[in-house]
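Chains as they are written, first to last, in the numbering used here: chain V, 129 to 283; chain F, 2 to 536.
Heads up, some of the hints might be wrong.
Derived Cβ-Cβ restraints for the label pairs, each shown as a range [stated by the list, open to error]:
#1 Leu210/V - Met499/F: 33 to 41 angstroms
#2 Pro281/V - Leu317/F: 33 to 41 angstroms
#3 Glu223/V - Gly78/F: 29 to 37 angstroms
#4 Gln338/F - Glu195/V: 43 to 51 angstroms
#5 Glu195/V - Gly78/F: 18 to 26 angstroms
Residues from chain V that keep clear of chain F, each with C-beta distances beyond 12 angstroms, as calculated [as the list claims (entries may be wrong)]:
#6 Leu198
#7 Ser211
#8 Arg217
#9 Arg221
#10 Ser249
Don't read these hints as lab results, they were simulated from the structure. Note that the structure is a prediction, hence the values are computed from the model and not measured. Beta carbons are placed, not taken as given, at the ideal position from N, Cα and C, and that holds for glycine.
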Amino acid sequence: MAKPKHILLASHNTEGARAAEKLAYSFCGPGTTLHHLIVVPDLWKGMQGDDWLNNASTRDTFGRYVESQLEEEVRTHLKRMLSEIKKRRIRYRYEMVQGKPTECLIRRAARGPTDLIVLGSPRPKGQTGLRSRMLDEKLFRSLRVPVVIAPYPHD
Amino acid sequence: MIYTHKTVWTLILGIIMVAFGYLVQAGVLNPMIEFLNISKYVGKPESPGEMIILPFVCGIIAIVVGLWQFAVKPKQGNLDYYLSTIGGVMFILIIAFVVKWGLDPLMGVWGKALKPTLGFDIHSVMNLNYVVMGILAGIIAVNVFSIPGWAENGVRLSRLGLKTGVVLLGVLYSWQELANLAGLSVVMIAIFVLGSVGMVLWMGARRNIPNSMGGVLSAGMGVCGVSASVAAAPVVNAKSTEIAYTIGTILLWGVLMMFIFPIVGKQMGMNPTQFGAWAGTGILNSAQVAGAALAFEPGGIDTLKVAEIFNITRILFLPIIVLWLAVWYVERESGAQKVSHGSVIFSKFPLFVLGFIVMFVLGSTGMFAPGSELPGKYFDNSEKHLVKKNPDGTVKESKMLADKDAELLKSEAGKLTDETQKGALASLLENKKATSFEHDRQLASIMNSHVLSVKANKVLKSMHSAVYKPAPRISKFRDIIAWFFTFGLVGLGMQITMTSIKQAGGQPLIIGSVVGTVKAVGSLIVVWLFVKEIV
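Just need the whole structure built from these sequences, with the hints factored in.
If you want it as structure tokens, here you go:
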């Protein structure tokens, strides 16, 4: 199989996503660009849903705190990715968006250029992590490019 | 930043409201109003009711703002922000109108119609009233259709609606009520709040969850749900996933409890004080406490009054708990930043509670209702108040003691041992009504002693209620408060997303479920055993 020129990798630093990263690297060859999509799930919008008692200052403090936490997580993720990318000399672009993970991926894939999409598997039952997934029927119906799903690293 | 969204929807909602108000006023909707049995909301030509006033007032505001949005280019500033909320406010209100004047009475009609088939009134047993359906409508709106961008600022304003409702509620308490409830609530909240916080921390340590997770979960499970977690998260350096787990768990519990509590309370035959005390202690989320109290007693506000005192007591514990967790966290985590005790207490103190106290003090001066027997009600045992007559002089409705009820009380009179109570009952049987305020207090004491049967107590309760006449200003306050809560709760429903609830899981869900159940069942037992008073 010819090496794809534009690979879209959606990962957010979970075990499954890290397996997808490794798989994406293996598809990369000279002239390939790895487009990395990081989605901050929209579930955070509802996280203050039932807070009506606090003063505005407490809500603002919480909002800023959550933002800084999410930023820190993304920064750590990117730092690790960038060091690997540098080592492998891969052409790399990243993009961070907020919204529903599936919809964000569909939108990004439609915007192109994308030859291949690499995704991680959902974590097995009992593993901790947020319940915000990209893999659903809507995704597969909407995408117009091949999708590769990395198996979950069971070791 | 410009907040105003140029949308035609504010204008459309305004036109719909005004058109509805006009149709009600013109009598076009009379057949439907009679079918739904909601003519009390229509009022009379000389004093129109809420079904005419609210649509006209809100509709005109929406039309003016809707037109302004097209005619004027918004400028950055406070005015832009406030006007940008109007669309969302009208969006919530129109849902509240449909639910309160449409779905709630419709469920009432269906409940009665289905009673012979089902054997119970589904409207009453399942509490399918405007409060529950309003919150559900909000939850459905956000999760199925999502909230349009132009309505988002208005939806956020629902927090203010709930706070305003609590502040205004201050008017309805008497010194005696507040003194009775405050003592009880401080004891119960201290036991159950501190107990649940301690239990989460203890279980967390045994199940090896991180301190940050234990800290944020204990605040939410112990004090007042999401609000406490929001206040505690930065103090205990909670990770984003820990926050998501905690809030998911609390929202899931809050929504479930809001439906389960009123059903259990009704099945157990709780009085407003018992249910208010139980909901105010056992339900995690403060909004769900208000929702459950209004669901338990949609036509009145007594349960809400009791529940809110418990809730306010709990809120007052919030800064203390956050401070406790901050100190606890610093002791356990090397590198954790120390916080200033004073600034935690000051910044977490809920300012709107001061508003509640101010309104209570103003109400106590007699500004809104002279007379102090019951807040906002006068003792009135005149025939004019108790017996309503038709124009031809025949009795239309009487609140005097009926013969069959008198027979029931006579048959049970022997159970009484207290001479004063015996005298009060004899006087009631002779005069067919409470003859004085003191006499009425004796009847209330018979009820509270639970010596007579449930049926006889119901008769006494109706005799007690019959001799009180609501003060007009206080009645208006009650209506306004109910609307603030309805607005707030529908809007709050719109902020409860399934994606947040779906995050519930793992150890936090296990610990949260155990502690939540212990708290709900424990407070139920305490209330059932020790709280008998009807305040």
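Reported absence of arginine 221/V from the contact zone with chain F (all CB gaps over 12 angstroms): With a cut-off of 12 angstroms, arginine 221/V remains clear of chain F, as the shortest Cβ separation is near 25 angstroms.
Given the hint of 33 to 41 angstroms, is the C-beta distance from proline 281/V to leucine 317/F inside that range or not? About 49 angstroms separates the Cβ atoms of proline 281/V and leucine 317/F, which means 33 to 41 angstroms is violated.
Taking the Cβ atom of glutamine 338/F and the Cβ atom of glutamate 195/V, is their distance within the range 43 to 51 angstroms? violated (18 angstroms)
Would you say the C-beta atoms of glutamate 223/V and glycine 78/F sit inside 29 to 37 angstroms of each other? holds (33 angstroms)
Honestly, do glutamate 195/V and glycine 78/F meet the 18 to 26 angstroms range at C-beta? Because 25 angstroms falls inside the window, the suggested range holds.
Any Cβ of chain F at or closer than 12 angstroms to serine 211/V, or is the non-interface label fine? holds (23 angstroms)
Just tell me: holds or violated, for the beta carbon distance of leucine 210/V and methionine 499/F against 33 to 41 angstroms? Hint holds: Cβ distance 35 angstroms, inside 33 to 41 angstroms.
Hey, is arginine 217/V genuinely clear of chain F, shortest beta carbon separation above 12 angstroms? holds (33 angstroms)
Is serine 249/V truly not at the interface, in the sense that its beta carbon sits beyond 12 angstroms from all beta carbons of chain F? Since the minimum Cβ distance to chain F is about 18 angstroms, serine 249/V lies beyond 12 angstroms and the statement holds.
Nearest-CB test (12 angstroms) between chain F and leucine 198/V: Its Cβ does come within 12 angstroms of chain F, the nearest being 6 angstroms, so this is violated.
In summary, the structure is inconsistent with hints 2, 4 and 6 from the numbered list given earlier, while agreeing with the others.
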